[in-house]
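Undergrad: Following the hints, put chain H in place on chain G, whose structure we already have.
2 protein chains.
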Amino acid sequence: MVKINLKSKIREVPDFPKKGILFYDITTLLKDPKGLKSTIDEMYNLVKGKKIDKVVAIESRGFIFAVPLALKLGAGFVLVRKPGKLPAETISEAYTLEYGSNTLEMHKDAIEEGESVLIIDDLLATGGTMAAAINLVEKRGGEVKSVLCLVELTFLKGRDLLKGYDVQSLITYDK
Amino acid sequence: MVKINLKSKIREVPDFPKKGILFYDITTLLKDPKGLKSTIDEMYNLVKGKKIDKVVAIESRGFIFAVPLALKLGAGFVLVRKPGKLPAETISEAYTLEYGSNTLEMHKDAIEEGESVLIIDDLLATGGTMAAAINLVEKRGGEVKSVLCLVELTFLKGRDLLKGYDVQSLITYDK
Chain G
1 MVKINLKSKI
11 REVPDFPKKG
21 ILFYDITTLL
31 KDPKGLKSTI
41 DEMYNLVKGK
51 KIDKVVAIES
61 RGFIFAVPLA
71 LKLGAGFVLV
81 RKPGKLPAET
91 ISEAYTLEYG
101 SNTLEMHKDA
111 IEEGESVLII
121 DDLLATGGTM
131 AAAINLVEKR
141 GGEVKSVLCL
151 VELTFLKGRD
161 LLKGYDVQSL
171 ITYDK
Chain H
176 MVKINLKSKI
186 REVPDFPKKG
196 ILFYDITTLL
206 KDPKGLKSTI
216 DEMYNLVKGK
226 KIDKVVAIES
236 RGFIFAVPLA
246 LKLGAGFVLV
256 RKPGKLPAET
266 ISEAYTLEYG
276 SNTLEMHKDA
286 IEEGESVLII
296 DDLLATGGTM
306 AAAINLVEKR
316 GGEVKSVLCL
326 VELTFLKGRD
336 LLKGYDVQSL
346 ITYDK
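Protein chains in written order, with the working numbering: chain G, 1 to 175; chain H, 176 to 350.
Please keep in mind that the hints were generated in silico from the structure rather than gathered at the bench. Since the structure is predicted, the reported quantities are computational estimates derived from the model, not experimental observations. Just so you know, even glycine gets a beta-carbon here, dropped at the ideal spot from N, CA and C. Treat the hints with care, as some may be off.
To spell it out: a stretch of chain H is covered by chain G in this simulated footprint if at least three of its residues, at any positions, have a beta carbon under 8 Å from a beta carbon of chain G; those stretches are [stated by the list, open to error]:
1. 183 to 194
2. 197 to 210
3. 234 to 243
4. 250 to 256
5. 259 to 272
Bound conformation, chain G alone:
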């Protein structure tokens, strides 16, 4: 199997979503069949062998990677969503952003006490979103065995907020 340079397939878009931000656009990687397969294979390599009951993904780009990994791990799939989108009883977790704050929700019955959990998102930036997702899982008694992101912006030091957790990413940018 030829290993693909995943980073070379990510498009860099300046000034998105606002001026001065360089956006790493993964859609150019995902639309390529070989890029897509390699992405999922390499993400799986980072977590294979772990005993995982639930793969938890953060809306909405986290959803992209969660199900293929859940299938390979024999796990179920759990959605963490923005407020008001989950129909049954939820728990919620607020977190602060550079300006203002956000809230994430998860169904109360999504995780059972003692379950082993892998949390997935597309991007690790400041770590605030991921920390909120970890809190949701732990509130329900889940054990966060692993945190996995496709892209990590290391210069934003998101790992500092996630100390003590097994945090992995496939592609890193240091500026």
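TA: Relative to chain G, chain H alone:
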């Protein structure tokens, strides 16, 4: 392999998102490892053997099913999103809802002329969202070979809007 009754794992939530609406909650199906695997296997059975270049999914629950199917079909994955979320040059398509209207966007370079496309969403209701996604693909010269949804609310007659297309769903509700 024991066949699972997928419908029995879907939770019915009354009065969501508003009074009088019965919401079919697929999260209870997806969190179950066997339910998740059967869902993807059965969706794949509906499209296997087709030559598909791109699997297009509609934000955000469409994303859940698209990548495992794209991997099995050897296709790439394309995102159709709400306005302002895709960073590069997009095309857009407005469509009407019961009250007001919505818009969907797709990257201009997501589909090449003549590519064979499978479009996926979680739900087929009135068909408006799916019709808009079909228009986006066709504007770029893609050929919509198949439309696949997990749940179809047959009483909303979404298929009437999608005449001439190969439309399939796994689970139907007639009220």
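Undergrad: Find the hints from earlier in the document that the structure breaks and name them by number, from lowest to highest.
TA: Going through the list in order, the structure violates no hint and respects every one.
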